[in-house]
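The primary structure of each chain is shown beneath.
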Amino acid sequence: MSDLKTLLATALVGMSRAALPPHVDTPLADALSRVTRDDAESTLLARAALVGLAARAGQLPLPSAPPPEPAPAELRPEAPARVTRHLISVLNTAMLPEWLSLCGAAGWRVPHADLPDLLDWGSHVNEELRATLRPVLGERGRWLAGFSSDWRWLLGLKSGDVTVDGPEWEGATKAGREALFRALRDADSAASRAFLTVHFKVEKAGVRKRLLDVLAQTWEAGDAELEPLLEETLSDRSEDVRAQVRRLLQGLPSSAYNARMADRAKAMLGQEKVGFLGRLRGQVNFTLALPEVPDADLKRDGLEPVQHPAERLRHLLNAVHPGALMTALELKPAGLVGLAAQFEATDELVRAIFSSAAQPIEPAFSELAELLLPRLKGSFTHWRADLLALVPAPRREAELQAALRGHDSQLTLTLLRGLPTPWPADLSTEVFRQLSRAIRKAESAFAAYDKNSDWDYAWINVLELAQTRASPAAPRPSSLPADAPEYARQTLDNLYAGLALRAQIHADFAAERSL
Amino acid sequence: MSQALTPETILSLAPDAGSAANARKLATPGKWPSLNDTDGVLWGECQGSGKTPYLTAVDLSGPVAKCSCPSRKFPCKHGLALLLLHASHGSDFGSQPAPESIQTWLAGRQNREVQKAEGGQQKAEKEADPAAQAKRRAAREKKVTAGLEGLHLFLNDLVRDGLATASSRPYSDWDTQAARLMDAQAAGAARRVAHIPELLGDPAALLAHLGELALLAEGWTNREGLVENELADLRSALGFPLDAAGLLETEGIRSRWNVLGQALIQEETLTVRRQWLQNSDQTALLLDFAPAGRPLPPGLPMGQSVEAELVLAPSAFAQRAVLKGEARGSGPLTDLPPPLTLTAMLSAHADALARNPWLERAAYLLGPVRVLPGEPWSVVDETGGGLPLTEDVRPLLRLLAESAGEAVSVFGEWDGAAFAALNFWTGTPGGRR
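Here the protein sequences come in this chain order: U and G.
Following our numbering, the residues of the first sequence are numbered contiguously, the last one being 513.
Following our numbering, the residues of the second sequence are numbered contiguously, the last one being 623.
Honestly, I wouldn't trust all of these hints.
What the hints assert, rightly or not - Reference listing, derived: stretches of chain G covered by chain U, where coverage requires no fewer than 3 residues with Cβ under 8 Å from a Cβ of chain U:
(1) 218 to 225
(2) 255 to 267
(3) 525 to 537
(4) 541 to 551
(5) 561 to 567
Simulated from the structure, these hints should not be mistaken for lab results.
C-beta atoms are modelled at their ideal positions from N, C-alpha and C, and glycine is treated no differently.
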């Protein structure tokens, strides 16, 4: 037994019940036997000190595990120093994604020394920002990510990595199953559809709802083949699930659900004769009547019994794909909007547009949006910016110019958010001008709380957007007068300094790429 | 003219993490209406919160910064940003002569150097009354003696009752004993007692730790028999403060010192910085403390060498040192010792422990070695033998990123249980990575 173990055995029991152990035939035996004190306790402690020190001083290296696979060779060249010099000041700022995109577009990768900081950044941002990072991390980045659990996100998932039919799924909570299904959607959407077909019905209502949420968020064209399952789910026991699945089917223009809804509308509608003047103007007057034949699928499709035909029409307009409806009724967008207007159902039509609109935007939707814009009223005016997002670009730009000139900060913000980066130079300059106007009297950021102040939170957000999205080379209006408050001057100076940095970054990338 | 410092070295000079982060954000030419580089002095104006921009200057020979901003941190974020800009945007610097206030500052620095060289006689006059000092020292020693006698009884009680029952003792037992030693002005012993509860699950480590405490108490009782350097080590282990003022009165080692590594430890109420310097076969440790939320004093440029005078504190294994005057002439690393294998490091450490049994850590340059991810990560040399690395793997990931798993030279601290990597070189130490 080692000296330490002998001493420990005695020390554990206590000197009141045990005697000092002898040390025989160990390397330290002689030295230990020579350590004696007045009392046994002190002797034990002194010997323990000697043994402990000898152990610390006598350490040897231990055999080690085999080294990891060496890092694979890089396929992309390292970004030149003229562009990487900016990394230190843009790291962890809103300017980083732009730098990363430029680097990715140039076909370069980042220096190895910057990988840990960038991988850390990637751990804290959303998938959209990660997409700017992935291409520039290089082979070394992917190799390195394997050594930290925080960086696993980079390695992504191969279809074989996600198992949704094993104990992992069985043991997962609702949120856990949602995450697993999301991972499966990412890795292999065909497998995710096959999984739903088999598995959907046996899950609990809470999980079914979550699975449909994921499906709605990650919808792609191929998911149309799920229609039979979705159609069947219209009879689900849970109203939440039914409502969710109706929205999914509404978004699928050719779905049987949309066809049924459109047929119902068609069966209700008649046309009144209009006078000569009306005919000249292309006016159509619709009449409504509830069908006399009972509709077996009514409840299944989410429609309630109604007293008045107009009520039914409003429900239908809300719940059908406007494109499918126009086809069934042989109406043009103006006709559909006229119908909705006649029965005070424009709000329902607006909602239906946003339940059904897919990217890219169909021309018919664009036209509908233009026609509906002047008809927004009451609480629906907040759809304005969203409808503007659907109209053709020149119309939207005119609207944005008007919002800027009219100092409508909220509308300006929403419209700017929808624009691609970078903004055109003249628009950027106009934004700078309006920012200068709004901020020129602000003493501090608290001015945004003041009702009478021009400077509000929407402008603060516009300023933040401008920092990363305005054209960096756009001309800037003359600076604020010398007597303007410090906060106002500094805020603008910061904006311009950031833009100057971006301009420099763009110039450096352009110069290096042309070499 | 010294070479441009790397951003990493510049940020290692930051007195706290906030300054480093803010300096990064300020390091864009757009925030500096003027930037200049004249004869080893950088200066520029940075738009700050006031109407007039701040005037910032850095004397590259230190590097030492001066700024007109109200920050009491040295260097402030403007000084660091100016250094960063010089490293990344050197071509944006003009060569306008520095304004008068900076010229005055530079002249003042040179004058002080001259005065210092002529001798610091004035300080000695302020020396307190030696009789009163001796009295204070005797009073403190008496307190320590009483405290350690109490500790000795406490330790004897523990082994008499048996360590098996130690873990059932209330926590207040350990706290009270630690507090008593604190009151007895034996902070080092108090810290070791406070560490006991962490070892209750590992009886072997606990016994060795108690032995070390007993050795401290015994050493103090028998201190008459110790030579001066051994006594100094004992006093330091017990928590007697270093007489830095006294050391600065004595002659130090004037030489070119390599600044090889820096460890920053954030404790509950204290930030501790250990900077490791090396000159031929002497390693020196500069230790700085700052209360939580307060900046550390200016540090030395890591990965560089400086002209400095260091006074080593008396010890049987001398490594703790104080910097006398100011370090200057920052330049590349020079004359590094050959890196050690793991066995050679352990052997050197055993030698150090033989001289100072209370030594907590020492720093070594290892190489060629690899780091291996695992639980825990380990450092491995060419013989295949390995030692555990400390838990903080973030610096190791940086090492792997650059080395791709190939062998490197690593400088770091060994505390007898784990190696903490502080700096590394993929090529020859001091050469380009």
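We went through each hint and held it up to the structure:
{"no.": "1", "hint": "218 to 225", "in the structure": "holds (count 4)"}
{"no.": "2", "hint": "255 to 267", "in the structure": "violated (count 0)"}
{"no.": "3", "hint": "525 to 537", "in the structure": "holds (count 3)"}
{"no.": "4", "hint": "541 to 551", "in the structure": "holds (count 3)"}
{"no.": "5", "hint": "561 to 567", "in the structure": "holds (count 3)"}
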